[in-house]
Amino acid sequence: MINPIPIIACGLIALSIGSNDTSNALGICVGCEIIRFRKAVFLFGFFVLIGITMQGGRVMRTVGKEILEINLYIVSISLLVSAILVIVSNWWRLPVSTHQVIIGSLTGSGMAFGVSINLDSLLKILLSWAISPFGALLLSIILYRIMEKTLSKLPFFQIERILKVLLLISSVLIAYNTGANELATVLGPIIHSGLIDQGWASLMGSLFVLFGAVLLSHRVIETIGKGITALDPYSGFAAQFGAGACVFLFTSLGMPVSTTYCIIGGISGVGISKGIGTVRIDLIKKIALSWLLTPLFSFLICFIIIKGFGMI
Amino acid sequence: MLKRLFFGGKIEQEVIEKIKRHIEILCSACETFKTAIEKRDKKMMLGVFDLEREGDIIRRNIISNIYEGAFLPFLRPSICKLVEIVDDAIDLVEDAAFEYTDSELDNETKDDCIKIADMNLKMCEIFLIAFESLLSGEDLREKNLAIRIYEKKIDEIKFDLIKRLKTKEVKSFWEGKMISDFIYHLTNISDLIEDASDYLQIINVSLR
Amino acid sequence: MKAEEIMNKRIEYIESDATVYDAIEKMVDRRIRSLVVRPKDEKDVYGVITGRDIVFRVVYKNLDPNKIKVEEITSKPLVCIDKDMDIEHVIKLMEKFNIARIFVCEQKKILGVVSLFDVMAGSLIKRARRGHFA
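Sequences listed follow chains A, B and C, in order.
My numbering puts the first residue of the first sequence at 1, with every later residue one more than the last.
My numbering puts the first residue of the second sequence at 1, with every later residue one more than the last.
My numbering puts the first residue of the third sequence at 1, with every later residue one more than the last.
Some hints here could point you the wrong way.
Stated by the list, open to error - A few chain A residues facing chain B, derived, Cβ under 7 Å:
no.	residue
1	C32
2	S152
3	L154
4	F156
5	R161
6	P233
7	Y234
What the hints assert, rightly or not - Here are the simulated PhoX-like cross-link-like pairs (lysine-lysine), alpha carbons at most 25 Å apart as the crow flies:
no.	chain 1	residue 1	chain 2	residue 2
8	B	K158	C	K26
9	B	K158	C	K9
10	B	K39	C	K96
11	B	K34	C	K2
12	C	K61	B	K152
13	C	K126	B	K153
14	C	K9	B	K153
15	C	K9	B	K34
16	B	K166	C	K83
17	C	K43	B	K152
18	C	K26	B	K163
19	B	K34	C	K26
20	B	K20	C	K126
21	B	K153	C	K26
22	B	K39	C	K26
Hints listed in this document are in silico derivations from the structure and should not be mistaken for laboratory results.
Just so it is clear, the structure is predicted and the values come from calculations on it, not from any experiment.
Note that beta-carbon positions come from the ideal geometry of N, C-alpha and C, so glycine has one too.
Based on the provided sequences and hints, a complete structural model is requested.
In structure tokens, the structure reads:
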């Protein structure tokens, strides 16, 4: 018997990923008119599918199997709560990482159910969350230096042409990561609880991401001009590709990490390379706060709900 | 779209060729102007008007090509601004040409004007070289400095010329105004070419 | 590059019996660094007075410029060159005579003056055009 709740919840989260995280990948390309919005969205969906098919397995295992003993109740509650939290925070424009929400919920539900939690696994994940933005920062700095030594030496109009190609490549990388890491995090639990086959889940998940991107397009356009696209194309590439490469590395290790935080790391890296002295402490504080509170919050809610309803 | 990305730059190439042509028109205008003053040939001066018209057409072409999708949006304002400045310079040559056909200059003033016109021409030529250097990746700084040197030399001539003209007697307000406008327009061409050269440098560093 | 191409045609003159003060005033007003001194009679020749002459021979010695005549600190005769002379040769001459400017003359007529600044600016312009124009 297929329990529809977790699957519906996944669908909702996937839609949400499509509507919000598409801009991470495509914002800069659409903003630079390298690719039209329609084509961009389908390119995005295509590479999400490629990503989750080729490398999704690792993160799926980590989230769906290695953290804790998954059961149907845990899956249902945690995914439902996650879906609600993700949708609500998107509505309120709060920057929230789907990874953190899901893992927080899973852990909270698991603990409330009294299932044993693999602390070793959990620790690795927390460490990855802490390290990945700095990894992206480092990679962006290195990339920027390389660009200075190679790309900068070329004639101006050649740089412009090459940059367009590079930006497309880095967008594809982010799209791939969205499938291999982010979508994998969402689908891991339901796949490993035996609810649905991996192949089908990957296909449907990618489709829902695509729907989210297509339907809620205006949000993508709104986010253009903020964040990464506030940078010039040259710096933007360094930041985005640095972030993408970092997430790719962590995906290979099976660790679920947030592209958004990595991009922030990437932008900071570029800022440091350019010698911008002042760092916005208040912004860093906000980000750190969100980073700490998000998983805690989802953990607590799940825990309280389960204990509260005395479902044990 | 992908084809445009990899084999393209076709529309960008077209725009670049047109910008080059636009700058060449500025050079021709300056050359025509200088020769016309040297030979005291007012009819030849009329050639400048034709060049200005041609320049306008090319400018409109360039701007519309750019907004049809050439170059990264990030670069477009700077490139358009460059084209506008060159166009303003051509307009000034036209204005000066018009005022010349309507005034009489004494020999000393004429000599100074020829010197200025000659330096305007040399500045344009170096500006064209600077633009080609942008395309080939050569260093722009020397060209930029050379243009600034010419601009300072023209400023010196202008200063003395105006001082001398102030002592000159004119028969009517409009005669005086024509001569004053003529000198003003003639001497401002170099300022604009210097601006354009500075803009070239701005574009050059915007993607590095 | 020839001397004629980079010379400055603006020459300012001063009488030899004028005072150094007059010379200073003229240099300031006309924003120039040297003045050609006219010969006082048929037997005399053209000379030149520069900022250097004024500073080292009048100001440094604490003399009153109103009391010194131009002819007392004029350098004679003018060092003249042909307008077709090559810049390399001009630079050599300037170094040999340790002068900051050299006059371009043609049959007793002064056509212009080439200063160190003109040489410097001219060489930069030549570099900028290098490889592009003949």
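Hints versus structure:
1. C32: It holds, given that the least Cβ distance between A/C32 and chain B is near 5 Å, below 7 Å.
2. S152: A/S152 check passes; min Cβ-Cβ to chain B is 4 Å, inside 7 Å.
3. L154: Holds: closest Cβ of chain B sits about 6 Å from A/L154, inside 7 Å.
4. F156: holds (5 Å)
5. R161: Given a least distance of 5 Å, the restraint on A/R161 holds.
6. P233: holds (5 Å)
7. Y234: holds (5 Å)
8. B/K158 - C/K26: Holds - the C-alpha atoms of C/K26 and B/K158 are around 19 Å apart, at most 25 Å.
9. B/K158 - C/K9: holds (14 Å)
10. B/K39 - C/K96: violated (42 Å)
11. B/K34 - C/K2: Since the Cα atoms of B/K34 and C/K2 sit roughly 22 Å apart, the hinted pair holds (cutoff 25 Å).
12. C/K61 - B/K152: violated (35 Å)
13. C/K126 - B/K153: Roughly 16 Å separates the two Cα atoms, so the pair holds.
14. C/K9 - B/K153: holds (12 Å)
15. C/K9 - B/K34: Given pair C/K9, B/K34 holds - Cα atoms ~19 Å apart, limit 25 Å.
16. B/K166 - C/K83: The given pair, whose Cα atoms are some 33 Å apart, is violated under the 25 Å limit.
17. C/K43 - B/K152: violated (40 Å)
18. C/K26 - B/K163: Given that 25 Å is the threshold and the Cα spacing comes to 15 Å, the pair holds.
19. B/K34 - C/K26: With a Cα-Cα distance of about 32 Å, the restraint between B/K34 and C/K26 is violated, given a limit of 25 Å.
20. B/K20 - C/K126: Holds. B/K20 to C/K126 sits at ~22 Å (cutoff 25 Å).
21. B/K153 - C/K26: Holds - the C-alpha atoms of C/K26 and B/K153 are around 20 Å apart, at most 25 Å.
22. B/K39 - C/K26: Distance of about 35 Å is beyond 25 Å: violated.
Of the numbered hints listed earlier, those contradicted by the structure are 10, 12, 16, 17, 19, 22.
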